[in-house]
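Colleague: Given chain A, put chain B in place with the hints provided.
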Amino acid sequence: MTNKLLRIEDLYVEYETDDATMHAVNGLDLEIEEGETLGLVGETGAGKTTAALSVMKLLPEKIGTIKKGRIELDNLDIINAAEADMRSIRGNIVSMIFQDPMTSLNPILTVGDQIYEVLKLHRKDSSNAQLSKRVDEILQLVGIPSDRKNNYPHQFSGGMKQRVVIAIALACEPKLLLADEPTTALDVTIQAQVLEMMKTLKEKLKTSMILITHDMGVVAQTCDRVAIMYAGEVIEIGKVEDIFENKNHHPYTEGLFGSIPDLTKSTRRLSPIQGLMPDPTDLPKGCAFNPRCPKCMDKCKIEKPANAVNGSHTIKCHLFK
Amino acid sequence: MDNPLVETMGLKKYFNTPKGNLHAVDGIDIKIQKGSTLGVVGESGCGKSTLGRAILRLLEPTDGKILFEGKNIVNYSRKEMIEMRKQMQIIFQDPYASLNPRMTVSEIIAEPIKVCKTITNKTEIDNKIFELMETVGLAERFVNTYPHELDGGRRQRIGIARALVLDPKFIVCDEPVSALDVSIQAQILNLMMDLQESRDLTYMFITHDLSVVKHISNEIMVMYMGKCVEKASSDELFSNPLHPYTKALLDAIPVPNLSGRNSKREIIKGEVSNPINPKPGCRFANRCTFAKPECTQYELELQELAPNHLVACTLYN
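Chains as they are written, first to last, in full-length UniProt numbering: chain A, 1 to 321; chain B, 1 to 317.
Hints in this document: simulated from the structure, not taken from any laboratory.
Quick reminder that beta carbons are idealized off the backbone N, C-alpha and C, glycines included.
Accuracy of the hints is not assured; some may be wrong.
Said to hold, decoys possible - Okay, the calculated beta carbon distance ranges per label pair:
#1 A:265 to B:299: 37 to 45 Å
#2 A:184 to B:289: 24 to 32 Å
#3 A:127 to B:293: 45 to 53 Å
As the list claims (entries may be wrong) - Some but not every residue of chain A turned toward chain B, in silico, with C-beta under 10 Å:
#4 43
#5 58
#6 157
#7 190
#8 240
#9 269
Next up, chain A with everything else stripped away, as it sits in the complex (with noise of 0.2 Å):
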């Protein structure tokens, strides 16, 4: 087989609320090699954070299932996975960086204990001396002085907090990192400094990583390929090149390009998409993007278009043959 480190092919991930049925993700096929990163692009509710929470097995309890597909990581295979290999997993080989760095921290509980919990629990046979160097180094790596340790969350600002989740998330040097929108609540000085980091230590560490953000230049500035992500679906997938240099693209995606303000070109008007995102409890017969596309055609609301490929490009429409 080839280096395929994480395999997604046709997952459906379905929300059951009371009076509805969701479809967040549907009929999703991802691939990650070692080593790279894949930005995952699209609006809210496209999909993007539940696709990620499928690989971690961290969907809400009762009311988020894995309908259908596989998800296949390491060679192992994480739908069937019991609860108890999943633990092993989480952090050994996959872990999630979560968007805010305000909330995912535990306020009670100093940083370097937070750190030291994960090793802790992944490895047994280090002694507490080994841990606690461990701890020291993992925050050194991420640009926190050391001495910072007994420090509580609150007493570091949002980039220090970030970079304290990241550390956790890299303890135990995992194969592949879920980062979901890691900078989109930092100002933007702070935003370059972290994905500074992360580019630095993802190469330092040979992590793979998926990069879930709306914002094409964060994608443009750190990925090497790219998907598009729309109602639970890619439509589009390709290197960096394909996406931001090939003029053939998915309507969508032009789209998003439209509605991007250009700092190097001076437009009086953007040109977004219209309309809304669909409601995922009632998603468009044929393609979902029908209703708000600008070239739909008439086989558009009946058919769903199949993936036309060009080389390392991917584009699922009825356009591209």
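Modeller: Okay, now just chain B, sitting in the frame of chain A:
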């Protein structure tokens, strides 16, 4: 054509904290020409929102003057301010928190009319609401819905309709699109620009997003810890940034194209320092690569280096 609608002179807003005075806004002079947009950018905590609120006297300024059409409104009484607010309104950042969850869309939009009693006839009020809902692109069927039933974009349209209902001349827009997805953000920005043209509105547009501010503003002011570090026309600021902080801020924007992907970017180190009883001199000095001893010795004044391009930095003395 010097025709400023809003002007501030030495505007200051300090907050009393147990640890001392927090200098949120520290001597800001702005002039916004009628029908134009002043963009205010800076990182969180730089005082941009406080400035916006102080200009409307939603927060009482500590010191300084606010001139609206040439009249100083700082000492206006509460009653006089209610009268003034017909001409100056605000759109808030968070469309989830700035709408009363127990009021319907029509009640929210009509509330300023009721407070200021500009229209008393009920049918006229209703007509006005429908007219505005159409202007901001809200379908009539939403008139009796509650905010929680609507998505972020539609909620922000309610916020805009509420700000417009008194036909103001000046609107402070406090990060009106930050909470929205890009495609919705673009819809709202287009709407705001159309409204500015058709109603000759004057905006003060507060944001941390530099690409948005470039798109919408005529003039841009960059703030750092309560002070203005640089002010210039939008094109000038982006083509010729002078202050090291402005440069760092522009460098930090991740651009959505592949040029410069592999070049090493200059990234400023450190974080914003404590705004409580700040030390004299340039407040950016502790993060600045060009800092010299004199940067922290005396208060810096804005100097006009080119027509309408002001900067406060010792590099240009």
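Colleague: Would you mind marking each hint as holding or not holding in the structure?
Modeller: So, going through the hints one by one against the coordinates:
no., hint, verdict
1, A:265 to B:299: 37 to 45 Å, "holds (39 Å)"
2, A:184 to B:289: 24 to 32 Å, "holds (27 Å)"
3, A:127 to B:293: 45 to 53 Å, "holds (50 Å)"
4, 43, "holds (4 Å)"
5, 58, "violated (24 Å)"
6, 157, "holds (5 Å)"
7, 190, "holds (7 Å)"
8, 240, "holds (6 Å)"
9, 269, "holds (6 Å)"
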